[in-house]
Structures are given as structure tokens and as C-alpha cells.
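Residues per chain, in single letters:
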Amino acid sequence: MSETTTAKHVSFLEYKGKYKGILGWIFSTDHKRVGLLYLYTMLVFFSIAAILGLLMKIQLIAPGYTIMGPQTYNSMFTVHGIIMIFIIVVPGLPAVFGNFFLPLMIGAKDVAFPRLNLASWWIYIIGILVVLSSQFLGGWPDTGWTFYAPYSFRTPANVLPALFGAFILGFSSILTGINFVVTIHRMRAPGMTWLKMPLFPWTLYATAWIQVLATPVIGITLLLTVMERVLGVGVFDPALGGDPILYQHLFWIYSHPAVYIMILPGMGAISEILPVFSRKSIYGYKAIVLSSLAIAFVGYFVWGHHMFTSGMSGRALYAFSFLTFLVAIPSAIKVFNWVATIHKGSLNLQTPFYWATSFIFVFMIGGLTGLVLGSLATNVHVHDTHFVVAHFHFIVFGGTGYAFMAALHYWFPKMFGRMYDASWANIGWATFFGGFLTLYLPMFALGLQGMPRRYYDYLPEFHTGNIISSLGAILMIAGALIVITNLVRSSRHGEKVTGKNPWGGRTLEWESDTPPTLENWDEIPKVTEGPYDYK
Amino acid sequence: MEKHEEHTAHVHRDDEGDKLGMWLFIFTELLLFGMLFLMYAVYRHKNPEAFLLGGEELDVFIGTFNTVILLISSATVAMSITAIQRGNKKQALVLLGITLFIAVLFLVNKYFEWGAKIEYGFYPGSDLLHELGHGTTLFFGLYYIMSGIHALHILIGIGLFIYVVWQIRRDKIHSTDYVWLENTGLYWHLVDLIWIFLFPLFYLIH
Amino acid sequence: MSEEKHHISSYKSHLFVLLALFVLTGASVAVTSLEMGPFNTLVAMLIAGGKAAIVLIWFMHLKFDNKLYAIFTTFVLVIFLLVLYVTFFDYSYR
Ligand SMILES: [Cu+2]
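Protein chains in written order, with our numbering: chain A, 12 to 546; chain B, 4 to 209; chain C, 16 to 109.
So here's chain A without its partners, still in its complex pose:
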């Protein structure tokens, strides 16, 4: 390939192939462009869903009708949930940073199936469009993102497009998973043994397996719900002999592992960032690898903790409670490793480091409150209250969201060849972090006092907590605005990065050009050292 010298050292952002302009992006099989396509799509839909969240918080600033009635509120938390779960956090880090950095970090030129990769994005877009078609096909669903039976086939609201769209989004996720497993097995650079592979690819590997093995479960479940609604087959409808609790089993057999699809790659990104900004090798590399695999495996058998009050047998209750406590162990191991990595490091206090350490903080709050929900007695008390809402926002938003932001700031110079504005980034982070805690911490208290989730109204005694929480929401959105504006602006006008490696990272992606060229490497690198050898 040495004759194609002109194509060399042209950044992938500037590269011009068969198609021009936007077509050069939406038909590009370059893993980096596909990653950015996901990033931009998510940015748009995150904004929409975040605004829906804000509107709900404004509704809750006072009891009774503030800005919307019950049906609108029901649709809002449904659409907020569907977008945030199926369109943002499930594809989340794998689709954006996995696509962009997996080949770079293992020294490959692309993923194993580049065309399939582009197809995943297209399927993702089609899935989104089908969900959005609700607007024109009879309005929005009001079932919550969980589509519980029998309500999902009894409600007069329009559920089919959302069910079908989520089904299609599942395909996109499965294809990404298949792609990554094959990429990691077949395309590591010479010398990169399994135990010399960085931790982000490792967590992607564990995640990809869950995508492959769990997503079909939600696929078939949603399809059956469609059939139930259209044909009245009877599989979930108690009036026809079906068992609605079986729907819940199937739904959570996917959706609990899906939580690990969301959080594992985030854990991987954090494990990349902390060593770089502590200038220390990661503490307990193997423990992190093993705990990732253990989480992926054990996480498969804990789904019942979402159903403690649904009417399962007593024995199932304590089996699931026990397994849930078991799966907390590998997560705790990771937290220990991260803290030990920072310990006595020579810290370089930059924005990615702030996001990463605040990740540990919020993830711990989310994890520990998860144990409150995993124990049977306390679960019954706080089930379906704001406590649960606060808990999973600490994990899904606090965990995945913070890790996403940490990763975005960390890899920003590599992706765009420019640096973000550090002071605005820090101000944005601080505002966001403050707003986040003000928003969600009071919800724990509200839940403990008994305020249920998914109601547009509440009793007067919950007023104070809701005012604080809603003000927190406004603060947090302001923070998010600062962060996003800064990043968008910097991607075009930020200071150009000179050199390949602004942070002094030791993993392979920092040895590629900034931004990388079309095929990443002139010559596939040879790996001789481990990923975190700081001397």
C-alpha cells in the first residue's frame, strides 16, 4: 500500500473518499466516523430526553397541575425512558468510544466487519425513526419503558411503534456485540496477548457478550407483546391464561444484564483514565479483568430483584436477593482498585480526572443504595418509590453518564485534534455535579417517606424535597449546557493539539496520529509492554 502515499497522514476527519460532504459520513465504514455518527445522534436525542426530564421536574415543583396533566406526564416518563435507555445508554460507550477506540487500542485498522458496523448505525437510525413515528401514528405510549403486561396490550395509547422500534434497536446492539467479539479475538496487534490488552477493550469484550446473549431475550419479548396486542395470542394475557409475571421475568432477564451493558464499558473507561492522570499503573489489572467477566456472568441470574413485590414464590425471592448481593462483590472490587490506583499517585488534575473521580463517588452511592433494594425487607418498603428512581439515576446517569463525559474529555484531543477549553470544562463539571446531587439526593429521602414514582402529583408533605430536587434539575441542565457547548465549540475552534499524546497515556491509541488517519497505522504496531507501564 506504500504507493497510496497521498492518503497517508490525512486525518480521518478530512479524508475524502467516494462520497462528498455528509454522504462521506453516513456511508463511511471507517470505524472512527461511525463512532462519531453515534456520538452526534446521541447528542441530539440526549438533549430531547433531557428536556423531557426537565419538564417533568418542573411539573413536580409543586403538587397538582403545574404545566401538564397525568396523561402527558405518563407519556413523558415513557418516552424519556425509552430514549435514555434504548437510544442513549445501551449503545452508549460501546457505540461511540468502542467503535472509535477499540481498533486503535488493540492496534487494528478497523473492526472485523466494517460494513456490518455501518449497518448497525443505520438500523439504529431506523429503530429511532420507528419509535418517533408514534407522533404521527396515534400518539405516544404511556406504559413506561418497561411495557409491563397486561397494561401494554390493554392501554388505548399507541404502543406498537415504540415496541417495534425498541425491537429494531436491539438488532443494532446485537450486531455491534458480534462485531466487537470477533474484532477482539481476531485483530489484536502482534504481541498483544489477552493479558496485555487494555481494560477498556476488556470491558467491551464482556459487554459484547452480554449484547449477544441477552438482547435476543428482549427482542422476542417485545415481539410477543406486539403479537399479544395485535392478535390476542394469550401468552401474557391473564384473561387468556397467560402469566403477566412471566413477562416480567423475560423483560428483566434482558434488562438486568442490560444494566451491565450500560455500566461495564464505563468502568473500562474509568480504568483507562485513572492511571494516566495518576501516572501510576492500574492497581490489580487482573482483578479488574476477572471482575468484569464475573459481573457479566453473575449479572445474568439476578433479574428477579426487580420483581420482589410482583408475586413470585418465597424461595425465588431469597434466591434472587442472595444472587444480587453476590453480584455486588465484583463491582466493589473495582472501586477498591480505582481508589488504590489514585493512592499515592502524582495526580494531574484535569477535567477527565474530575469526571472519573466523581464517577467513583456517585457510583458508590448508586451501588450501596442498590443493596438497600436488593434486601427483601427494605425493598418492599421503597419499591416503586422515588428511592428507586434516584438509585438507578445514580447508576445509569451517574455511572454511565459520568464515565461517558470522562471518556469524552479524555479522548477529545485524539478524536478532534483540538483541545477543549479547560476552565469552561471544569466550571461545567462543577455545576453539573452540584446540580446532579441536588436533583437526586432528595429523591432518596422522598422515596423513604413513601412518595411513589410515575405520578404527576404528590401529597403536600413531599413538597420541600421536590422543590430542592427540581431546582437541582435546573442547575444540572445548566451544567450540561456548559459542558456540551464547550465541547461542540472546541471541536471546531479549540486549540490545535501538537504531538500525538497530550496526556502521556501508555495505551496504543496515543501512538496513532492526532486525529488518526483513515486506516490508523502505516504499519501495524508491535506490542511488547503491558498497557499501563509507568516507570
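None of these hints come from the bench; they were simulated from the model.
Quantities reported herein were computed from a predicted structural model and do not represent experimental measurements.
Accuracy of the hints is not assured; some may be wrong.
Stated by the list, open to error - Facing chain B, a subset of chain A residues (Cβ under 8 Å, in silico):
id, residue
1, Ala123
2, Ile189
3, Leu235
4, Leu242
5, Val244
6, Gly252
Stated by the list, open to error - List of simulated lysine-lysine pairs, DSS-like, C-alpha gap at most 27 Å:
id, chain 1, residue 1, chain 2, residue 2
7, B, Lys49, C, Lys78
8, A, Lys27, A, Lys68
9, A, Lys207, B, Lys22
10, C, Lys27, A, Lys297
11, C, Lys27, B, Lys92
12, A, Lys207, A, Lys120
13, B, Lys113, C, Lys78
Backbone N, C-alpha and C define an ideal beta-carbon position, used for all residues, glycine too.
Chain A is already provided as a structure; the job is to place chains B and C with the ligand on it using the hints.
Below, chains B and C with the ligand alone, put in the same frame as chain A:
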């Protein structure tokens, strides 16, 4: 604006990787059908009698016949790979032709089987099922869903085989490049695997 | 093309496998008429499991291919069976 040189990139070929990809896809399929089997297990556990009676409504002969022809088609696909590996294009095409024929035959049988059942009054929402009660409704609901999704896979298999036959005729698939045939074969065996379990669970309940 | 040696199965071996599958199918139909109570289903599932194993090992080439596929397949089956088992913590004791 100048256009950057078309990147003549290495055509990345990795048969082993392609096969791994296919296996992963098969795993998703296994879990998908696995969940249907799980539902079957739960509902049979709750309605043992009704499932027994439901099973007796199904025709053991046609079930066995479809099992046998599907097994034959699995063997012919496996043999067509042998033929391609040996460079025997003609034999491979004949064997795939038999497979295709059997796939269509299977669907034809299914069509008549379903047709007879529906005519008799066994279909979702029918008065007959309503009369026979919850267990039978569930049995036939699962029967239609599971054999229906299985039939859909047969249909996709037919499409794949047509593509593969076309590629063999154009010599795009040959003795040193046949991973497409291998993967289609794997897919077809998966379809057979599912049927191996559907058959006793629906037709041979006792 | 990779230089790896590919195992080529003979027609005869495929036909032999097919014969074994026929025998098991026959057995499966035959035992249905035996009165064994709950064991009927167990036997039917064991026979089906045997047939599936034969298809996996010979037709799907697990025996000759990279051992990785066999390991993964086993792993997937274990996960499925465990999910089934855990689900019946609920349904067996309700
Ligand atoms: Cu869970």
C-alpha cells in the same frame, strides 16, 4: 476539491473471523428460541393436562415426516461443503438443490398442517380455543408462535441458499473460498437443531 | 487463504451421522407409546439432546474446528439452563 486517492486497502479476509461471527449470531438465535422454550416449560408446568390434550391434536405423521426431511437436508448441506472442499462444483450444486427442495417441501407441509388446524378452528382468538380453555389456548398460541418463527427461519434459509447457489455458479464460492457456504450451513443446522426440540415437545407429548 | 489445514469429512461419515439421527428419531417416536409418566418427557428431551449433540459435533463441525467454538457453545447452553433453573425457583414453589 481534490479527492483523496481511493484507498486500495488490503481486502481484509479472515474466514475464521467470519465463522466466529456466525457462531455468535447462532448464539443469539439459541437464546431467542431458548426463551420460547422457557415459556413453553412454564406454561406446560402450569397446564400439564391441557398440553397433553393439545399435543394429541397434532399429527405425529406429518411431524415425523418433517423431522426426517429436515435431517436429510442437514446432511445434504454438510455434504455440499465436502463437495466444495473437493472442488466438485456440480455435486455441491446438486446437494444444495436437494436442500432447497426440502426446505420448500417443509414449508408446504407446514402450510397444509396450519391450514387444516385453522380450518378446524384452532387459531388465536377462535371460539373453539375459547371453549377449550386457557391451557389449550396457550398450547396453540405457543405452537403457532414457535413453529411460525421457525418457519420464518426456513424462509430466510431459502434466501441464503439461493444466494449461495448463485455464488457457486459464478465461481465466487469455490474450493479455497467457501466460508459463505459454511456459514449458511451452520445457520441451516441451527434451524434443524430448533426443530429437533420442537418436534417432541409439540407432537410427542405423552 | 489461511494456511490452516481444513478437515474434510467424507460423504460416508455424513450419511452415517444421518443414520444415527434417524435411529434416534425412530426411538423418540417409539417411546412415546410407552407408559412412563413424567419420565416420558425426560426421555424425549434426552433423545433430543443426543440428536442436538450429534448435529453440533459432526454436522456443525465442533469436533474438528477450533475448540473455542465448542467451549462457547457449552457456555451458552450452561447460561440457558441456569436461566431456566433460576426461573423455576419461582414457578416450582408458587
Ligand atoms: Cu437489576
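Going through the hints against the structure:
Interface restraint check for alanine 123 of chain A: the shortest CB-CB distance to chain B comes to about 5 Å, inside 8 Å, so the restraint holds. Below 8 Å, beta-carbon pairs count as interface contacts, and isoleucine 189 of chain A has one with chain B at about 4 Å; its hint therefore holds. For the restraint placing leucine 235 of chain A at the interface with chain B, the shortest Cβ-Cβ distance is roughly 7 Å, inside the 8 Å limit, so the hint holds. A distance limit of 8 Å between C-beta atoms decides the matter here; for leucine 242 of chain A the minimum to chain B is near 5 Å, and the interface restraint holds.
Hint on valine 244 of chain A holds. Least Cβ distance to chain B is approximately 4 Å, under the 8 Å limit. Nearest Cβ of chain B to the Cβ of glycine 252 of chain A: about 3 Å, under the 8 Å cut. The hint holds. For the given pair, lysine 49 of chain B sits about 39 Å from lysine 78 of chain C by alpha-carbon distance, which is inconsistent with the 27 Å threshold. Distance check on the hinted pair: lysine 27 of chain A and lysine 68 of chain A sit about 45 Å apart at the alpha-carbon level, beyond 27 Å; violated.
In summary, the hint linking lysine 207 of chain A to lysine 22 of chain B is supported, as the alpha carbons are separated by about 25 Å, within the 27 Å threshold. Note on lysine 27 of chain C and lysine 297 of chain A: the hinted pairing is violated, with a Cα-Cα distance of about 48 Å set against a maximum of 27 Å. Restraint check for lysine 27 of chain C and lysine 92 of chain B: the C-alpha separation of about 18 Å stays at or below 27 Å, so the hint holds. As the CA atoms of lysine 207 of chain A and lysine 120 of chain A are separated by approximately 18 Å, the hinted pair is consistent with the 27 Å bound.
Proposed proximity of lysine 113 of chain B and lysine 78 of chain C is contradicted: the alpha carbons are some 33 Å apart, above 27 Å.
Hints 7, 8, 10 and 13 from the earlier list are contradicted by this structure; the remaining hints agree with it.
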